[in-house]
Every structure is written in structure tokens, then in C-alpha cells.
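Novice: Protein chains in written order, with numbering that gives the first Met the number 0: chain A, 0 to 384; chain B, 0 to 384.
Fair warning: there could be bad hints in the mix.
Claimed, not checked - Quick list of in silico lysine-lysine cross-link-like pairs, BS3-like style, CA-CA up to 25 Å:
1. Lys125(B) - Lys125(A)
2. Lys41(B) - Lys15(B)
3. Lys15(A) - Lys204(B)
4. Lys125(B) - Lys204(A)
Keep in mind that the hints were calculated from the coordinates and are not lab data.
These numbers come from a predicted model, not from an experiment.
Protein chains: 2
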Amino acid sequence: MLNFQLYNPTNYLFGKGQIAKLPELIPANTKVLLTYGGGSIKKNGIYDQVMTALKGYEIVEFSGIEPNPKYETLMKAVEIIREQKIGFVLAVGGGSVIDGTKFISAAVNCETEPSDILHRTAEVGKNTIPFGTVLTLPATGSEMNSGGVVTILATQEKLSFGSPELFPQFSICDPEVIISLPRRQLENGVVDAYMHVLEQYMTTKHDALLQDRIAEGVLQTLIEIGPSVVENPSDYTLASNFMWSCTMALNGLLNKGVPVDWSTHMIGHELTALYNIDHARTLAIVAPSLYTVMFETKKDKLAQYGRRVFDLQGTDESVAREAIVKTEEFFQKMGMKTKLSENTENYDDTAKFVADRFTERGWTGLGEAKNIGVDQVKEILEMSY
Amino acid sequence: MLNFQLYNPTNYLFGKGQIAKLPELIPANTKVLLTYGGGSIKKNGIYDQVMTALKGYEIVEFSGIEPNPKYETLMKAVEIIREQKIGFVLAVGGGSVIDGTKFISAAVNCETEPSDILHRTAEVGKNTIPFGTVLTLPATGSEMNSGGVVTILATQEKLSFGSPELFPQFSICDPEVIISLPRRQLENGVVDAYMHVLEQYMTTKHDALLQDRIAEGVLQTLIEIGPSVVENPSDYTLASNFMWSCTMALNGLLNKGVPVDWSTHMIGHELTALYNIDHARTLAIVAPSLYTVMFETKKDKLAQYGRRVFDLQGTDESVAREAIVKTEEFFQKMGMKTKLSENTENYDDTAKFVADRFTERGWTGLGEAKNIGVDQVKEILEMSY
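Between the sequences and the hints, there should be enough to build the whole structure, so can you do that?
Specialist: Next up, the structure:
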């Protein structure tokens, strides 16, 4: 098992009616910036619940944080905080709003251009603006981790950032919020969480036995509830297991003591940047090909996964191959179209284009074994057409 | 799934060589009280590692915290802290030393008699003394939770306490420390952790699907590595999975959203108080009888456990019965003697004596379904003779 540090101070409140606890969580007499997205929270009643709970607080609203949040948008919120002496930011939304709010929190007191945080030329300092979240869309785990992804429109770059200073102070997760979500977002949430687990699990084999068991438990739960929760989001058993699985998939527990991959995400991000394909859908496109191209590296783990998660039997080789098929079938069952050609037109140059981007950035040697080079990226993407 | 709050700010550092990080974790110029037990840390080299790391700190030592730590002993440390302006307590030991240190931390600024904390007539205030831990004996999970158990010698009471103020600021967990542990302590550690999981799992059936999967993963890991780790504690794969499983068994994750039992512990504590039987061994004595007596309540979950953890097949009834047998066999494989008569003489009046104690305290209705009364406690203990 690899050495690790587990530190996660987020106060995570899960269940029905938890939004009413907001006044216990945000200091009184604090001026609050309420960040949210396109306004769906006004239709589904969550905005009203939050405003009722926050009665007595001075609140400034900042709406319009878009999916794949944009640097240019977020910097407007940064200006508001600087000008209006905001003391606390409350993100009400899904992964994009929460990721965006993390960046806002980090950027306000950044001594250089805040885009430096994304380019990793500036560190996130200790003087971030405190923030909490009310989760409205389970998927990314951002409500209980300290990282995020932001897109710079000007340069079409989708870049990740993170810091131990960027854990939400609290996150309120009420599974009932999923009732009003569009089916497509629920499908995306299940697949996003599933792939978060696989990125931390489908690696070279290692000896962190418990971590594998926990990862398999999240995968099994998502397989068990995923297809049903998109049909019946008002079923609380399904909704609660879905929401909690999404958090556990990426709250910093599964990667402890193990090697991690994340190359599916890195390639997938490029497809979102190029074609604006939903994040989860890019992962469903890339992963089956990636596991096929990197088969020799991942074969042992694919076989373990096939046996434990899908109850497959046979040789390591055959179970590992079948496990990839089963994974793609699960994605399809979750409404994903797993080929690039089913998601966009004019995809012919994708492999070359993405490979060139990776070359520009010097990204050779991706994946847990650092053996996914530009040639492999091309091969993976061509197989995904 | 039940509503829950997950909050655990302990900074958990796991792996080889982590003790050297102590100076990054304890503020400079702080006077440190070093708490430990009977002095085994001086034989196995851990004391030297700690003292080397803490070079430059002013250190006061407090040794002699015994297994099942005694209130009377701990109050001596409380006096030292009050008199010598100690700013930080570093517990170097197993569950007893860490539990004792938590109580010390809570007692120093307690405004009434600190035993009130144990009798739950005083709350733990915010002005606790900060403390961290270096774990030397995996078992109790105390290194990453906020509770403990202390025995009052004068009244022969073994009482639990806890507070969100009593999380260790950090815990250093280096699996290599187990190399020098006596076999009996390793056996106890595995069974203790296993029973911690079962207390939070072997309940009435519920719909927190992921929590069950995680619990089963810890059980499977302990079954996989338990018998070997007592034979080969210098095997790092075994040691690291053992230590991490012990923490995960009781760091406040498994009980989220689920009903919990804990009656095996409550009955077991009485056996330790009466006969000084090792804590883990009392659990191995009580649990099989408890699951047999409470069979109807726990049958569904016993059957799930039998199928998923022991791969048993058959009807719910037969798998559930066999799962109890398999559990007792696992305890025996771990060196436990699972009958009271194998652990002490003159046990004839135990059932009546313990039942009377429970009656005195008004402890009727134990367990997740609140259906373990005094009659059941008697029946369980008589079955354990």
C-alpha cells in the first residue's frame, strides 16, 4: 500500500430537510454571495428553501455559472466579492457551480492573475473566501473534495486545480433535490460517478485490498440503482444511494494508498472542449477503448473487476475482455452513446487534434503506469470513432 | 437511508516513516505531554523515533496508562497539564492510551468533576486540550474518531464518552509498528475491528445499500488478512491492510445512514469489568449467542452477510444460521476462545449479575430494534457459558 494522507474537514450533512440548517452553518451577520447556474433552482423550489433558511442574512446573488464553468464568468463574481465585502459564498448547484465557486474562493485574494492558479504557476494561498454548498445535482463529488475544473474560453483550455484550502466548509446533500432533474443529467451523474471510481481502481494490480473492496462496493451500488434511479428519481432509496455513491466516488477516500489513472478524464476533457459533449458522455466514449488499448497493463485488474462486480467466470484473459464489454453495456443502459460518431459530426481529425494538444503540453506518459503516450491517445480515440 | 452528518477533521497520515513528520504537525514552542502505556514503546523503538522527531520541543512524559484506562490514572495526567501549562498532548499507543488521552483532553478544563463527563451529566466543552496520536496497536479506530471508553476503578464502571471536540488533530499510522506486537494483541485487534463492523452492520435490514457494501468489504479484508497477519506481522501488505481496516471499521463512516446495534459491546464491557477478559475476547464470547438469541430480528441481514461475505448458498434461514457458525469459526481461527467457561472460572452467576447491572442502570431495550431486554441479556450470557 502506498503512503497516504487522508484529510477532509468538510462537514457533510445528508438527508431530508437539511437545508433548514443553513443558519447553524453560516456565521450570523455575514454578507453572503449566493452562486448558482441557469436558474433551475428557482423552478424546483430549492432557491425558495435556501432563501427561507437564510432570512436575516444580507445576500447578493450571482447566477449564470454555466456547465463547464468559464473563467471569464467566474471572474465577474470575483469582482463582486472584492467590491462588496462578501464574507461567505454559498454555492447552490451541481459540480459546475461548486467547482466554479471553489475557483472564485481561491481567486479573490490571488496576488497574480487568477488564471495562474489554473496554469499551476500560482499556488492557492491560505486566504481563500470561505464557502459552503447545497448540492442540487449528484455527479462530481465536488461537494466533498478540494478540486475543480474550469474552462478558459479565450484559449479553449479545460484545466483542473485543487488545494487543501478548497474543501467546502459544509455541504448539504438532500437526495430529494433530484426529483426535478432532467433524465439526461441523472444518466450523466451515474456514469460520471462510475468513471470516477474506475479512474482510481482500473489500474495495475496492487496490494491495497480494502480500497479495492470499497471501490467495488460503489460500482456495485451504482449498477444496482443506476438504471432505476433515472426512471424513478422520486424513490428515496434510489435517490439517497445515488447521491451518497456520487460523493463517495470522489471525496478523496478511494485514491488512498493506490495508484490512480485519470487518463480517460484527460482525454475526455478534450472532447468536451472540442465538441461540447457532456462530460460523462465523453468518459463513456473513451473508457472502453482506453481499457482495450491498455489491456496488458490493466488485465489483472479487469479480471478482478469482472469476477467481483459482474460475477463473470473464465480465464483472466476472457473475463477481462468481457468486463470491458459489460462496462460499455452498462453505459449504454444508462443512456450513453459510446461512440464519438454518435455524439458529433466531423470527428475525423479528433485523434490527430487531441494528440497534437497533448504533444504541445508535453503530456506524454499518462495513466498509472505512465505508459499512455501520444500514440496510445491517438489509437484510443480512433477506436472510439 | 437515515439522515446523517459526516464530519471528521482528523489529519490521518498513513505509511512508512510518517513519525518524522511530527514537527510539521505540532506547533513549535509548544510544551508537549507525551502519554503512553506500560513502556513497550521503549523496547520497540517507537519512543526513540518520536523523541528524535520532537527534538527541540519541551516534553513532559506521562506513562502508565493501562489497558482499559482508569479514571484515577488519567486524573493524574490532568493535574500535570493544569500545573505545568502543557499546550499539546501526544498519545503514543493503542486504543487505551488514545481513549485515555481523549478523556484527559476533555477533563482539563471541565468545570465540574470530570467523572461527570463519563456519567453524561457534563458536556465536553470547546476548550479541550489539542492532541494528536502515534498509533502503535491497530484495533479500536480511536485514532480517527471522537469517542473513548474509560473505567472508574472505584465503582467498577466501564463507561463510554464522546464529543465532536475530541477528534485527534492528527494521527500517524505506520503499519511497521505491528512487527513487535505480541500475537495475542494482533488477534485481539483483528477481532475487535471485525466486531466494530458487525455492530454497525448486523442489524435489521435497511436500504443504505452502499454502506452495507463498504462494511462487507472491511469484513472480507479482515477475513483475508487476519489469520496471516498474526503469523507474519512483518509482511507490509498484511500489516498495512490490517491497520487501515481497523481505522475504517470505526472512524465514523460505516454508521452513516444506518441503524446500529452495539449491544455486544455493552454486554462485553461487563465481562471485562467482572473478569478482566480482553475486550476483543468478550466480543467473541457474546456475539454468536447474541445473534442466535436475536435471530428473528437479524435473520435477513445474517443471510445477506452469509451469501456476500462467506459465499454461502441455501435458504435465508439456513444461510443465516450457518453465517453465525462461520463467524464463530473465524473468531476461533483468530485465537479466540468463544465460551465464557474457557476464559474464566466461577462464571455461574454472570448472567444474573450482568442482568442486575443492566436493570440498575435502566438499560432495557438495547440493540438497533430496542428489543434486547434484561431477559435477552440473561439468555445470551447463559448461552455463552
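Novice: Confirm or reject each hint.
Specialist: Evaluation of the provided hints:
Between the alpha carbons of Lys125(B) and Lys125(A) the distance comes to roughly 24 Å, so the proposed pair stays at or under 25 Å and holds. Of the pairs offered as hints, the one joining Lys41(B) and Lys15(B) holds, with about 19 Å between alpha carbons and a cut-off of 25 Å not exceeded. Under the criterion of a C-alpha separation no larger than 25 Å, the hint pairing Lys15(A) with Lys204(B) is consistent with the structure, at around 21 Å. Restraint check for Lys125(B) and Lys204(A): the C-alpha separation of about 45 Å exceeds 25 Å, so the hint is violated.
Of the hints listed earlier, the one the structure fails to meet is number 4.
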